[in-house]
Amino acid sequence: MDLFQDNTGLLARFRAGQRAALQLVYETYFTQVETLVRRGFSVDGGAHVPGVSDPELSRELIQEVFTRAFARRARRAYDGVRPYRPYLLRIARNLMIDRVRAKRGQLESLDPVGDIDRIIESDAPFIEAREVESALDQKRRFEVTARYVASLDEGARGLVQLRYEEGLSQVEAAKRLGLSRKQLRLQEGKVRDGLVVALREKGLYQ
Amino acid sequence: MKRMTEDPQIGRLLSGTERASPLERAEIFDDVFRKTVGRERLVRRALIGSAAVLTVVLGALIMPPKEDRDRFTAKGGQVASFALRCADAQGQRCPCEPGSTLLFQLEPAGASHLGLFAKGPKSQLIWFFPKSPQETSLALAGHLQAGILDRAVQLGEEHPSGTYEVVGVFTREPASRAELMALAARGGPQVVTRSLRIP
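One line per chain: the protein sequences are D and Z, in this order. Residues 1 to 206 in this note's numbering are what the first sequence lists, from first letter to last. Residues 1 to 199 in this note's numbering are what the second sequence lists, from first letter to last.
Isolated chain Z (complex conformation):
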């Protein structure tokens, strides 16, 4: 979704000023914060973590509510899976809404690579990994800290409200976007789908 002030001229005209409108100022600050402190905290949580913050995040993620546990329990063999969780800037678990950070908890079950995309409420396709058509799925080695992927998504106004279908495709070899889509269409145990609702 295009940000509302993607054409700043329209926003400034509506605010009656040639200078940055209050909305634009707020958006600039949000971007600045996300690129600076937001990114620092994400890396810290995902890779090193302060003991208290990471413990909270891990506690929220690796001790899911009882009704969730069966989805992660191996049943007669290992099955790849993932869970979606959102955290605020302090690392506290929170509802998934604009401003929160979307984290991925993985159980690769022997898979070495992950492709991840989402179908949005307007049927738009959003790729998480690979990030570009020229790349292949994410190699998981070195990117998991206690099952939490060190790549997260900052939810913002570019993620309109609605229900998203997040699809993860676990493979043992790198795969292109086209290959991942084909695997997803075929289905199977390495394809995992989760629903994400953004208010």
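Same shape as in the complex, but just chain D:
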């Protein structure tokens, strides 16, 4: 069921640009957009638009999708009648096609979600993802990271959990840990630097 269906209150708040409303829409559809960006898709006629696995590039694309969707004109143009998901996917589709045309960035074939135009037209779900084996190096990176985190003291492990697993802001995490924001930033920097060292020692980070 579409988020905006029978929810005129949310539509009004979204169009007005209220942060909580935008955040709700964002959180509801983020995974869909991310999946499309990561997996790529096919278009009618058999052309294939590969997905993006590079974290920085995928982040850039996802951010651009939502920036376009949440721009004032786009918010006000959305009528709340058409389902929102296809509208968002269409923006992502067009951005990714533009990138292929411009041959920007590192693109790889992963596991396409299906024919994007049919998905948008009928608001159909993505086809199931195949079990894609992570690259061996990436598996090793996760293993090294897990060992590294386990070696940290309790405070640092708590920091990793609050910031990276729960996604708390620096201010919120600092409060929970009984630290000042400055102390938290310093400790977080050390944790990140330590991981980089651990990865480099194994030849897993450049």
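What the hints contain is simulated information worked out from the structure, not anything from laboratory work. Virtual Cβ for every residue (Gly too), placed ideally from N, Cα, C. Check each hint, because a few of them may be wrong.
Said to hold, decoys possible - Derived contacts from chain D toward chain Z, CB cut-off under 8 Å, selection only:
hint : residue
1    : Leu22
2    : Thr145
3    : Glu166
Unchecked claim - Pair by pair, the computed Cβ-Cβ distance ranges are:
hint : chain 1 : residue 1 : chain 2 : residue 2 : range
4    : Z       : Glu165    : D       : Glu121    : 36 to 42 Å
5    : D       : Ala129    : Z       : Glu165    : 48 to 54 Å
6    : Z       : Ile126    : D       : Ala124    : 46 to 52 Å
Got chain D; can you put chain Z on it based on the hints?
Chain Z only, in chain D's frame:
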């Protein structure tokens, strides 16, 4: 300061996922909001303003606490000055902290251009105007609405906590960064310094 997830790979490894970590998702949303609604509201407040919002912002800015007023009162002649104020997304005055908008209230006292920079807690230099070494100081004509500059700064995680020394250099002609730094080093009535504390 580099954003903590500037290398998303490290953040994703620490979160145990190849997808965007919760922290990354939050940062993406903050960026999206700042670039869309945040920018709309800033322009609206600075240039047009809804009556209620701008009145609140103006009320907060042009009626400073009594102890501040003497700094803006001309004493035997006009003296250029500026004040720093922070507002939240609703235009309400708030402490200067990440997420708030830093606004500049100016009394140019005949100056036509403004150069503005800050020295951060780690002695880092942050230029507001001019934005690049190729540009010159900001021409104020057309950029002031009731004394409020229509250029603001969104405080974020790239502004680490600490005390900032914000230096404004008022001139009657455009000046380059090098010229502004030289003027600031010499001091004088056209150089105004304000302290900004970010928790």
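Checked hints:
Look at Leu22(D): its Cβ gets to within about 6 Å of chain Z, closer than 8 Å, so that hint holds up. For Thr145(D), the interface hint holds, since its Cβ comes within 8 Å of a Cβ in chain Z; the closest pair sits about 4 Å apart. A least Cβ separation of about 6 Å between Glu166(D) and chain Z falls short of the 8 Å threshold, and the interface hint therefore holds. The given range of 36 to 42 Å is broken by Glu165(Z) and Glu121(D), whose C-beta atoms sit roughly 58 Å from each other.
At roughly 53 Å, the beta carbons of Ala129(D) and Glu165(Z) sit within the given window of 48 to 54 Å. Between Ile126(Z) and Ala124(D) the beta carbons are some 49 Å apart, a value that agrees with the proposed interval 46 to 52 Å.
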